[in-house]
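J.: Residue numbers (this note's numbering), protein chains in the order written: chain A, 1 to 372; chain B, 373 to 781.
Hints are computed from structural coordinates only; laboratory data are not their basis. Each hint should be verified, as a subset may be incorrect.
Result set (BS3-like, lysine-lysine): computed pairs, CA atoms no more than 25 Å apart in a straight line [unchecked claim]:
1) A:K146 with A:K108
2) B:K559 with A:K13
3) B:K611 with B:K559
4) B:K611 with A:K10
5) A:K168 with A:K146
6) B:K598 with B:K569
Partial selection, computed: residues in chain A whose CB lies under 10 Å from chain B [to be verified]:
7) L138
8) V277
9) E280
10) V302
11) P354
Note that the structure is predicted; figures quoted are calculated from it, not measured. The beta-carbon is built from N, C-alpha and C at its ideal position, and this holds for glycine as well.
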Amino acid sequence: MNFDFSDDQKFLKTEARKFLAANCPTSRVRKVIDDPTVSWDPELWASVAAQGWLGAAIPEAYGGLGLGHLELCVIAEELGRVVAPIPFASTVYILAEAILLAGTEAQKTALLPEIASGARIGCLATSEGPGVTTDATLKATVVAGKLTGVKIPVTDGGIAHTAIVLAKEGGRAGLYLVDLTGPGVAREGLETLDPSRDAARLTFSNAPATPLGGAGEGLALLEQVMDRAAVLLAFEQTGGADRALEMAKDYALERYAFGRTIASYQAIKHKLADMYVKNELARSNAYYGAWALNTSAPEIPVAASAARIAASEAYWFASKENIQTHGGIGFTWAVDCHLHYRRSRQLSLTAGAPRLWKERLVSHLERRNTAA
Amino acid sequence: MDFNDSSEEATYRQQVRTWLDANAPKSRAAADDGEGAGDLTAARAWQAKKAAAGYACITWPQAWGGQGGTPIQSVIFSAEEARYPIPGNPFQIGLGMCVPTVMNFADEATKSRFAAPAIRGDEIWCQLFSEPSGGSDVAAARTKAELAADGSGDWIINGQKVWTTGAQFCDYGIVIVRTDPNVPKHKGLTMFWIDMKSPGIEVRPIHQMSGGSGFNEVFFTDVRVKDSQRLGAVGDGWKVSLVTLMNERLAVGGATGMGWSQFMEAARDIPGMEGQSALKDHAVREKLADWYVQAEGLRHARNRTMTALSKGQTPGPESSIGKIVSAVQMQDLANSALEMLDQYGIINDPDLAPQDGGFQSSVMFAPGLRIAGGTDEILKNIIAERVLGLPGDIRVDKDVAFKDMPTGR
């Protein structure tokens, strides 16, 4: 039994934590949040690129470091802890992974080196309005290589160079790569719950679009992409949840009420113990997801769903109860609690809400059960 | 990252499999209730077989009659053993907690007298800690031991213990008693081993709310024990008990019973809200997902613990979350199954209820599981204090002589 990260991977984690402590203190996050004209931190992006993290799991042949997904998992966890205001997930977990999964050799050669260098930012454009976007509701269409439709919200849509767009061609859903710097693309920034991440409405009017993966395979491919992204996002969420617990613990130990630290009251101790339990369940599920992802195991859909559900629950709980533990000061703009509360909403909602993943998990369990 | 055995582990597992294949029982005795008390003869026979082959007390030092093996070997053996219809294990508390305490604190003669029969299963031990006045607060024990008036140096024990697992068939036990009421509660306790057949000991089964009687009350009336039965110094009973309880986490196994897969199986066959299978009800599916995720979280937390053991490291605190999650889940999951059955859910007849009435018995047993081996609340305190480093509760009885402590009824 060797269900743990290697010493090298743990070393990378330690180094990543040190690097982000120096380069991404919450004062940096606040610069993004406090300035309505800014939606990300390009300087941090450049320094993260210089670390090689953007290409950690991209093969060396395409300009990456050629490490595995386990390395990406430890980086993700550290980025989650510091609420990093950069399009890492959109670019690395989604665009790069999707191209590695389904891209043609030409797409890989053209895009992956630029992703690894930080020159190309990605985004995923699926949602078209309130509620779940399904095959039945999908309106965006591609005709003769030209995309028309509206996508809202698109995380990092305002700053990305390349979008993966879900659209129909001949009545069948597919994924398409669209150059957002090209013709036929209008972007409009959106006000969201988490201003530390960019978001936009993208309006396409006959924008040139090239297929990613086979025609009509869009929904199946999207599921594959999202499974992989879900594992990595689960590490971000777990990192954030652990940080929220630490914040609550540190504050409870220094805050006095009724003549003693609030950490000495069982109401607080038990709340923090509940956070710890949820975080450990999330971490353990995320580890299994990491194993499945790294070995391309057939268990990926089930493992990713479980990781996603547990991490979403843990981060939500830790971020809201962190505010509660802080009391009034936790409800102020000046204290960092809301950064995690906001990010927990961003991460839970933009890659499929937990209830969708629960449905997906049970569907897979049903199938597995019937097959067995 | 993988789930594979190391080469030593693989060799050991193969050796265990070969032995089990030749020696493990092929069917479970009808009388066995799976909790150990059902068929003591079968349990003893299996224990003796394991002891003879070196598969009992694998991690005990060789000086105690153990194998000097590693925790991971013990885990491997248990996992492989569980694949066979083996009898229940009434030796767990004794071998996991009581006898190690004896081996740590008794004199050489006592140690050599007790180790081998315990390992073989000839003699079974129980742990007499909880009292009617102290469950979570074990140090509030009132059962007292006083020096005999005849100047023999013997001790006379009077009082009552409660929730003693297996007392009805145990041969020996370890008991924590108050020897000095004039000092604060933790300082006036002393530990003894006792012969459960001693005159003055009366064992009465407790009729549990779940209907069964797996636990007992044990009454002590002028029970005489020799000073040589003392484990540790007079007044050091609390420190000795910490050694016992340190082993508890390793001895208390995971909860068994109805889990997500039984729930899913039942849901498939039960009509739901719209006339189709209950497994199609969205509320049912959401809960099923939550339980699966919890169960998987625990399974992989255990895998992380195993990994630490496999590397010869001390497991991290993740191993502390198991009981609290599984006990709460047992109650919620079983209750949801009853709600899914609607009116039929009240039927407790195993011939009529799905899963042989497993959900009904889980609902009735779960309250006990949430209390046994550390209540939910005590476990949360432990996580908060030992894992997160939060301060201990304020103890108003800390510097008060036991006899002056507020006690209520």
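J.: Provide an ascending list of the numbers of those earlier hints which the structure does not satisfy.
T.: Violated: hints 2, 4 and 7.
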